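The numbering used here numbers the first residue of the sequence shown as 1211 and each following residue consecutively.
Derived by calculation from the structure, the hints in this document are not laboratory data. Owing to the predicted nature of the structure, the values given are computational and were not obtained by experimental measurement. Don't take each hint at face value.
The calculated label-pair distances, taken between Cβ atoms and stated as ranges, are [claimed, not checked]:
hint: 1; residue 1: E1247; residue 2: F1330; range: 17 to 27 Å
hint: 2; residue 1: S1288; residue 2: L1251; range: 16 to 26 Å
hint: 3; residue 1: K1264; residue 2: Q1312; range: 27 to 37 Å
hint: 4; residue 1: L1263; residue 2: K1223; range: 22 to 32 Å
hint: 5; residue 1: A1344; residue 2: L1234; range: 42 to 52 Å
hint: 6; residue 1: D1252; residue 2: Q1334; range: 25 to 35 Å
Quick reminder that beta carbons are idealized off the backbone N, C-alpha and C, glycines included.
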Amino acid sequence: MEDFLAKHSISTKIQVAWGEMDALQHVNNSVYFKYFETARLDFFHQINLLADLKTTGVGPVLSETNARFKRPITFPDSIIVGIKISDITQDRFVMHYTMFSQSQQSVTTHGWAKVVMFNFKTGQKAKLTPELLAALSQHQ
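Go ahead and model the full structure; you've got the sequences and the hints to work with.
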């Protein structure tokens, strides 16, 4: 696990809930996207991406997301979702998720999301600020 944490400068620990399991006795596939969302928002808070949303009206939206399931997760477990960033352009970037099961001591899932900056006041895409660009670049 130390190797996993060393590869991800920002990671989020999530406790698996009993109610997230489905009839096949593993975490339902739709829940993985909730785990990604939790990690994504934690990452955004840690790099201050949402700090100016109320005043500027500019924030992130998903344009695409994906998951590749390698091993099922079951209750009880705690997972750690590590995030890396790639493909940074003037108005978007890609977030890569790696999900690690503490009970299995193994990576269970890989995922990614294309994130576009969006101005909710104008309904148009927005450019990454220099501060955001610098923060994202630190996690490539």
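So, going through the hints one by one against the coordinates:
Take E1247 and F1330: their Cβ atoms lie about 18 Å apart, and the range 17 to 27 Å holds. A C-beta distance of roughly 18 Å is found between S1288 and L1251, which places it inside the suggested range of 16 to 26 Å. Between K1264 and Q1312 the beta carbon distance is about 36 Å. The supplied range of 27 to 37 Å therefore holds. In this structure the supplied range 22 to 32 Å holds for L1263 paired with K1223, their Cβ-Cβ distance being about 25 Å.
Distance hint for A1344 and L1234: a CB-CB separation of about 44 Å, consistent with the stated range 42 to 52 Å. Separation of D1252 from Q1334 is about 27 Å and conforms to the stated range, judged on CB atoms against 25 to 35 Å.
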